[in-house]
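So the protein lines, in turn, are chains A and B.
Just so you know, we're using my numbering here: the first sequence kicks off at 360 and counts up by one.
Just so you know, we're using my numbering here: the second sequence kicks off at 3 and counts up by one.
Since the hints were derived computationally from the structure, they do not count as laboratory data.
Any given hint might turn out to be false.
Once the Cα atoms are required to be at most 27 Å apart in a straight line, the calculated DSS-like pairs of lysine-lysine come out as [to be verified]:
no. : chain 1 : residue 1 : chain 2 : residue 2
1   : B       : Lys442    : B       : Lys429
2   : A       : Lys615    : B       : Lys706
3   : A       : Lys615    : B       : Lys442
4   : B       : Lys49     : A       : Lys615
5   : A       : Lys560    : A       : Lys541
6   : A       : Lys541    : A       : Lys506
Per the computed footprint, the stretches of chain A lying under chain B, defined by three or more beta-carbons under 8 Å from a beta-carbon of chain B, are [stated by the list, open to error]:
no. : segment
7   : 589 to 595
8   : 613 to 620
Quantities reported herein were computed from a predicted structural model and do not represent experimental measurements.
For every residue, glycine included, the Cβ atom is placed at its ideal position computed from N, Cα and C.
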Amino acid sequence: MENSSQKFDAQVLSRISTLKMTAMNFVEGLLTGQHRSRHKGSSVEFAEYKDYSPGDEIRHIDWKVVGKTDKYHVKQFEQSTNLKCTLLLDASGSMGYQSLTDEHTPKMQYALDLVATLSYLLLKQFDAVGLTLFNDKVIEHIPPRSKASHFQHILHSLARITPQGTTQIADVLAGMAERLPKRSLLILVSDFLTPNQDLHKSLRLLVSRGLEVIVFHVLHPDEIHLPFEGDIVFESLEDDFRVELDPQDIRDEYQKTIQEHIDSFKKDCNALGVDYIFQDTSESLDQALSYYLLKRKSLSNL
Amino acid sequence: MSLNYSSPLFLLGILGISVPILIHLLTRRQQKRISFSAVHLLAQSQKRSIKKSRPNRLFLLLIRCLAIALFSLALADPYFSFKNSEAFLTATPTSTVFILDDSYSMGAQAEKNSLFDRAQEFILAELNRFPEKSEFSLILASSPAQIEQDWTSDKTVFEQKIKAQALSLRTTNIGDAINQTQKLFESAGQEKRNIYLLTDLQRNGWKEETFSQIINTTPVQVFDFSSLQTEENKAAVQSIQVTQELLTQSRLLRVKAEVKNFSSNLMHTTFSLFLNDKVVKEKFIDIPAGQTLSREFSYPVRSHQPLSGKVQTSDDGLNTDNSRYFSFHPKQNIKVLVVDGDPKTISHQSESFYLEHALNPFSVSLSHIDPTVSTLAELPLRNLSDFSVVILANISELPPGYELEIEKFVLNGGALLFGMGDQISLKYFNEHLGNLLPVKLESHYKIPTSNAPLHLLLKNNTHPVMKIFSPKEIDQMREINFHSLITVQAREDKKFKVGAWFENKKPAVIEADTGKGLVVLFLSSLDRDWNDFPIQPTFLPWIQRWTQYSARGLNSIFKQNLLVGEPFHPNANSLGHKQAVRTPKGDLHRLQQDKVFSDTFQTGVYQLFNLPTNAVPATASLTKLPKGAEPAGTFTVNIDTQESEPEKITQKEIEGFMAGMKVEIHAPHSQASQSDSSEETPLATSFLIMVAGIFLLEGWMLRKE
């Protein structure tokens with residue numbers, strides 16, 4: 360339930376409005392996707408013929424074919440169902456990074472746009488969309504709903520996010536595995552800047568439960584290129600840890616390290632059959648989404 | 003083991019490290035703070051990264067500072083001394099008196115330099131080991147010991163003072179030096195006190211009586227430098243005696259010298275006579291161990307010019323005592339006017355007969371006394387300025403008005419000798435010669451023939467005239483019979499000395515300085531009328547020496563051989579001249595009238611000169627002899643050979659002398675002061691190489707960055 364303060368918070372309302380506009384803007388230009396059910400049954404779209412066997416419904420026998428071939432065949436159809444999708448958004452402190460120069464979109468803003476867009480897209484297809492915000496634990500969980508008004512609900516949650524706390528993705532995913540409906544879609548949006556090595560194990564658990572997992576790895580260009588100059592004290596956004604150095608000294612090494620981190624994570628995801636999408640906030644969100652949806656479509660058509 | 007510096011002033015250069023520090027601080031970049039997400043990855047990268055410019059910059063700063071410090075250290079010429087640290091040196095500031103033995107025995111050889119040089123180096127090295135705020139003072143222990151530097155905590159000042167010291171030619175007086183420390187400690191600034199005594203422990207320097215006043219309890223660290231002596235002091239020329247053979251026409255100069263062998267072996271040495279800086283005679287002599295050997299050189303003197311020279315033995319561990327100087331003046335004739343107041347036709351009954359023969363026994367000029375006999379009547383015809391001495395023998399009265407001439411003669415420096423006799427008019431003498439006579443002639447005292455004659459009382463007679471007489475000759479003089487004499491009465495306004503006494507406590511000889519001259523009264527006769535002295539063998543030397551003495555010739559004889567530091571009395575033989583002394587090194591000193599010349603610290607022959615009147619202002623210092631300056635004689639200064647005796651004093655004896663003081667005796671080997679020995683490792687080159695290495699490293703780092 361929304362409380363009054365949230366309702367009348369001008370900043371929250373502004374954010375909601377912006378998110379909504381952004382999401383609608385993106386989605387209207389994209390394909391109107393339909394999700395086909397793995398269950399074959401009564402539907403409008405023919406799938407294939409099957410030899411009749413006792414137990415099949417009589418009404419599915421194609422009598423025209425019986426007339427022509429004198430054999431009993433049963434018509435089978437693709438079943439169109441509503442998808443249940445849960446969007447997992449990392450709301451830890453590290454997601455709050457934004458460039459001092461405001462040159463690129465702040466990481467959290469980019470993630471919010473992404474989540475809002477995906478929510479709108481899915482709801483537009485009458486799929487059920489839920490949202491879970493987490494850092495070292497689940498902060499807020501909105502179960503999947505397919506009502507159009509659910510979008511507002513999601514936007515409200517997104518607008519209230521303040522990035523804080525440390526990231527414990529592995530623990531959160533492990534906890535979520537039990538709560539998420541089987542064979543649903545899980546979209547995980549995070550910067551994955553966590554030293555936790557159990558993430559791979561948690562993802563495998565999710566996949567093994569029949570969940571389709573899509574990972575959006577969002578990083579700010581500063582986090583990739585480390586463009587800073589001079590003596591700098593880097594203070595962690597998540598804890599009190601700090602490092603004092605001249606970025607010039609470690610730039611090459613850092614870039615190498617972060618690339619290794621990305622590559623390693625991507626490799627893990629691919630190994631698990633998890634869709635991995637790397638999102639640099641300097642890239643346009645629509646291009647990234649278009650690219651992803653096209654890729655999904657081409658894969659689903661195989 | 004300690005680090006010492008030859009030029010510690012350069013250590014100030016270390017302050018130069020402030021320059022790179024300042025530059026570093028001024029050019030330091032402002033540190034920014036950025037909240038960042040991937041800090042752990044940064045830390046991980048930092049660990050893996052080789053390049054760490056910030057530590058590099060700090061490292062560069064460090065090595066630059068190090069380079070400056072090392073360069074300053076290299077300039078300060080450091081060296082490591084591998085010595086044991088002394089327990090008595092603590093971190094507490096101390097008031098330390100350094101007693102430095104600068105006696106000539108410290109000039110003994112210790113490898114390339116002397117013991118004294120080693121002692122100086124020792125002090126300089128030790129200074130660095132004292133904590134800050136320590137104060138130092140310096141006493142030189144040669145006799146008389148003197149405070150050379152009062153308390154100072156400025157090591158640089160003290161170092162300069164130490165370096166400025168030079169070896170003296172005097173003897174040691176440790177007791178005096180220890181006594182001086184008491185004076186210094188009265189004004190010492192630190193509670194912790196220490197005495198460093200640097201000496202060769204020669205027994206001569208330790209006289210028990212000089213320690214009697216010590217009430218000091220300060221610990222004394224005695225450093226025995228004699229252990230550093232590389233060659234022993236084998237011999238010393240202890241004395242020298244110069245005589246002239248008068249009885250031959252050849253005028254032989256006889257130089258007799260005594261040499262002592264200090265070693266425990268038979269010593270073969272050369273023995274050389276130098277005259278006017280040239281070797282004229284040389285002998286090879288063998289001196290038994292511990293014995294003193296006397297050898298005489300004969301050398302013909304052909305000129306009347308003064309001669310100076312020395313006797314020298316072969317070099318040994320201490321060369322200072324291997325030579326001894328002498329000077330010799332061929333005697334100048336003293337012109338004497340003998341006025342006989344009672345000439346007789348029989349010559350041997352006259353005073354003049356005895357006097358003339360006594361003053362010039364061979365009628366040739368060998369005694370250097372040239373007598374001229376005159377009667378009273380002839381006296382006005384004589385020019386008194388031609389004579390140094392006038393002897394008035396048994397005169398009744400002087401020619402009318404001649405008293406003034408005689409008085410003028412004496413006041414201008416002439417000598418007047420009176421001999422008594424029957425002709426003497428007491429009234430005339432007292433009334434007309436009152437200005438000259440120091441006493442009033444009282445009466446003629448004649449000993450009755452029945453009584454025993456009078457004799458001279460010569461016991462403990464130290465008059466210069468009597469110095470050459472042997473005890474046997476003195477005994478002979480005591481046997482002289484006197485039958486008559488003149489008794490005298492003192493005048494209130496006159497001062498006089500009694501040169502000899504009779505047994506009846508009556509004066510026999512009276513002398514008195516009058517003006518620049520001298521008046522001498524022999525209160526008996528100079529012929530055989532009142533005594534039998536003129537026919538005694540001692541009469542001849544006695545009257546000759548009184549004549550020489552009156553002519554101011556004896557003082558210079560007795561004072562011409564001085565020991566180092568003994569004062570020279572300049573007015574002897576000056577006869578009113580302004581005089582100057584030229585030292586063996588050639589420095590000129592003006593002699594002040596009636597003041598002693600005490601700058602006799604060099605050994606050698608000192609030359610006296612009579613300066614022409616008005617030639618040089620009295621206040622002006624002399625740089626060269628003025629025109630017209632005439633040689634007036636010489637005197638020699640030699641070392642006191644007591645200091646040469648190599649015998650060492652023992653620790654037990656020292657502790658006995660310094661009862662109540664904690665005495666520790668150390669060998670200086672374990673301390674500093676051996677700059678050229680293997681115990682010291684110079685570090686300047688190593689430091690410079692390190693500086694070069696640092697510059698190379700810095701260049702490499704900058705290039706890499």
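Status of the hints after comparison with the structure:
1. A threshold of 27 Å between alpha carbons decides the hint, and for B:Lys442 with B:Lys429 the separation of about 10 Å falls inside it, so the pair holds.
2. Of the pairs offered as hints, the one joining A:Lys615 and B:Lys706 holds, with about 21 Å between alpha carbons and a cut-off of 27 Å not exceeded.
3. Our distance criterion of 27 Å between C-alpha atoms is broken by A:Lys615 and B:Lys442, whose separation comes to about 131 Å.
4. Restraint check: the Cα-Cα separation between B:Lys49 and A:Lys615 comes to about 13 Å, which is no more than 27 Å; the hinted pair holds.
5. In summary, the hint linking A:Lys560 to A:Lys541 is supported, as the alpha carbons are separated by about 18 Å, within the 27 Å threshold.
6. The straight-line distance between the Cα atoms of A:Lys541 and A:Lys506 is roughly 20 Å, inside the 27 Å bound, and the hint therefore holds.
7. With 7 residues carrying a beta carbon less than 8 Å from a beta carbon of chain B, the segment 589 to 595 of chain A meets the three-residue requirement, and the given coverage holds.
8. Evaluation of the coverage hint for the segment 613 to 620 of chain A: fulfilled, as 5 residues show C-beta separations to chain B shorter than 8 Å, against a requirement of three.
Hint 3 from the earlier list is the only one contradicted by this structure; the remaining hints agree with it.
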